[in-house]
Amino acid sequence: MIQQLFGFLSYYIPEIICVVLMTTLLVAESAVKDEHASRGKIIGYALGMLALCLFFLIQNMSEAPIYIFHNAITIDPFSTLIKIIMVLGTMGTIFLSYSSKDIYSNLKSEFAIMAVGVLTGGMLLASANNMLTLYLGIETLSILSYVMSSFKRDESTSTEAGLKYVLYGGLSAGVALYGISHLYGILGSIQFVEMVAKLPGLEGTNLVLVMISFILFFVGLGYKISVFPFHMWTPDVYQGAPIPVTAFFAIIPKMAGLAALVRVSFIFFTSNAALNVSWVGLMLVISAMTMTVGNVTAIGQTSVKRLLAFSSIGHVGLMILGIVTLNDEGVRAILFYGIVYMFMTLIAFYITSHLSDMYGTDSYDVFKGLIYKHPTMAIIMAAVLFSLAGMPPFSGFVAKFNIFAVIIEKKLYGIAIVAAINSVIALYYYVKLAKTIILGQADGEVKVAGFTPANQAVIIALFIPVLFLGIFWEKVMTISGNAVLFIK
Amino acid sequence: MMSLASYLIISLILFVVGLMVMISRKNIVAILLGIELILNAAALNFVAYSRYVTNNLDGHIFSLFIIVIAAAEAAVGLAIVIRFFQIKETIHVDEATQLRN
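Just so you know, the sequences run in chain order V and L.
Each residue of the first sequence is one higher than the one before, starting from 0 at the first, in numbering that gives the first Met the number 0.
Each residue of the second sequence is one higher than the one before, starting from 0 at the first, in numbering that gives the first Met the number 0.
Keep in mind that the hints were calculated from the coordinates and are not lab data.
C-beta atoms are modelled at their ideal positions from N, C-alpha and C, and glycine is treated no differently.
Treat the hints loosely; a few may be bogus.
[To be verified] Simulated pairs of lysine-lysine, DSBU-like, Cα-Cα distance not exceeding 35 Å:
1. V/K410 x V/K197
2. L/K87 x V/K100
3. V/K372 x V/K434
4. V/K151 x V/K446
5. V/K431 x V/K409
6. L/K25 x V/K151
7. L/K87 x V/K151
8. V/K100 x V/K446
9. V/K367 x V/K151
[Said to hold, decoys possible] Coverage of chain L stretches by chain V, computed from C-beta distances (three or more under 8 Å per stretch; other residues unrestricted):
10. 20-31
11. 38-47
12. 63-76
13. 84-98
Looking at chain L on its own, in the form it has when it is part of the complex:
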């Protein structure tokens, strides 16, 4: 039997893994994947709370919006990454160092 706690632990793990991916990976596409993990952790939280605690539809609606917005953000992010790749011919995040003092 799944309880609320198990969902929250899974979402916490997803969140931490997402953060770790964003901090440690150097590939920009992998970093974008990390963002997706964090967003999905939040969406999972919303649905779990909606099912077990609050018993209203707010959480379900919110998670649908999260899915839509995550798609839009990924589209724009990937477009910029493609542009970056066309100019620099790499998607290594350490190459993005032109703007510094």
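Bound-form chain V, shown alone:
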């Protein structure tokens, strides 16, 4: 028994590393004085530990799927790949937070602590195999996110963002929990496997109750990935929070929530026909509404941060389309999209962050004529915008193409048309920003201080996957194809 438990722990090393990193960072933070250099060491240590975590995750990729801790946690290639995306995203945002002026200099290592905490919650959510782990994952993710969004504590906007996040988050978590409690009562267990065994025999009142409970449960997950009826908090929180935090929110909670949504959809909605039809219908409606609301609202924005927030809502809407098909190709498309989305979002936020540090605002104006001052950065930003819009030859095109391929294969032409129209709308506002960068008039020869050689090198390194995954996508596609969900 004990031996078995220790055997399980060997699969759980990445999460353990994260928890150890959090605690040691807390101790290290209390030991340093107010020097920038020693904080640099702490950030370096955090990045090193996360790289170690990444190494163990890549090792786990090749392992056979396994259930550990009394079926509470699944370690399968799907969850491991999602975790790799999340760890890479966390490393990127921690590096950004070190140079960003948006995070107070005495809070740099606190940002790392909170980010690693949210990452741990996300990992728990991505590999949750019963309702309790899922709920714990959501709450670990949420509670630390509340703190992160109010990180600029002297400014009313950031505090207001935190406040809105707490109120909406608490409500949606409570509603989801109420749904879970009825699911537990009707299906008799909190283990996914045991719950799903009861589903085919359901009929009458119980079936209706289960459907209602699943909709309530969906509120909790839908809120974390900010789909249509529960997206109201997203722009406000994204705008109020410091830019590294916004970049973090655009990647980690969304990937974790999507992973949980994929797992729940695949486990529960493939056995009972009535449930399957209603869930797929719900997903289709929600996906269409999320895309439309995200993209249409993004048009009128003047703040680039808010624009990226709305466009991230649109991207999530598109990723949900990979779920409605309930097959392996859909999961593969989601994973590939997730990888590409992570790199594109990081670059967009890096460049926005450095510009906003320089000018103190993130409106379109600061991008004007960037090409005369920093040609490389301007071209990369324009390319990333085109990639986000899904134009070839960038990787965003391949990601979008995959999603379209799976839904057209399922003959869901209506939703494909909605998605295509949304791509056109998205192209409009991305190109508008790209036009400002390339054709706008520069305000003199002032160089942007944030674009140091080191930062430029990191941005270029992040850009390489965006460029090359658009042409040489086979390898990554094979990896995502192998990482399909393991459900038993």
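Mind docking chain L on chain V? Use the hints.
Chain L alone, transformed into the frame defined by chain V:
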């Protein structure tokens, strides 16, 4: 004699009251109380189902976790409310309107 139905009705009432508090009250602390009511409705459901229907310990364990997490969430929520009060000198939710188009 208490039956399962009476527990479920009480928890439904708690849930609806919590929702109403969240929608209608303007005081942020009262809204946080509404969240607590909703969480407690769920916890009550878990214990009642565990006692009357499923006869396993899952529900009891779950309700313990809910209590712990509700405390953590309330702590963070109140900390942010205090910060908000120090900046705005009010805890009226209608004052939180700076982030809009």
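Results for each hint:
A distance of roughly 31 Å separates the Cα atoms of V/K410 and V/K197; the hinted pair therefore holds under the 35 Å criterion. The hinted pair formed by L/K87 and V/K100 meets the criterion: a straight-line CA distance of about 24 Å does not exceed 35 Å. Taking the CA atoms of V/K372 and V/K434, the gap is near 15 Å; set against the 35 Å cutoff, the hint holds. At most 35 Å may separate the alpha-carbon atoms for a hinted pair to count; V/K151 and V/K446 meet this at roughly 26 Å.
Distance check on the hinted pair: V/K431 and V/K409 sit about 34 Å apart at the alpha-carbon level, within 35 Å; holds. About 25 Å separates the Cα atoms of L/K25 and V/K151, which keeps this hinted pair within 35 Å; it holds. Distance restraint check for L/K87 and V/K151: the Cα-Cα separation of roughly 15 Å lies within the 35 Å cut-off, and the hinted pair is therefore satisfied. Straight-line distance between C-alpha atoms of V/K100 and V/K446 comes to about 17 Å, which keeps the hinted pair within the 35 Å bound.
Using a Cα cut-off of 35 Å, the hinted pair V/K367 and V/K151 holds, with the two alpha carbons roughly 27 Å apart. Interface restraint, the stretch 20-31 of chain L with chain V: holds (4 residues with C-beta to C-beta distance below 8 Å; minimum three). Only when three residues or more bring their CB closer than 8 Å to a CB of chain V does the claim for the stretch 38-47 of chain L stand; here the count is 7, and the claim holds. Residues of the stretch 63-76 of chain L lying with their CB closer than 8 Å to a CB of chain V number 7, which satisfies the three-residue condition for coverage.
Look at the stretch 84-98 of chain L against chain V: 6 of its residues bring a Cβ nearer than 8 Å to a Cβ of that chain, three or more, so the hint holds.
Comparing the model with each numbered hint stated earlier shows that all of them hold.
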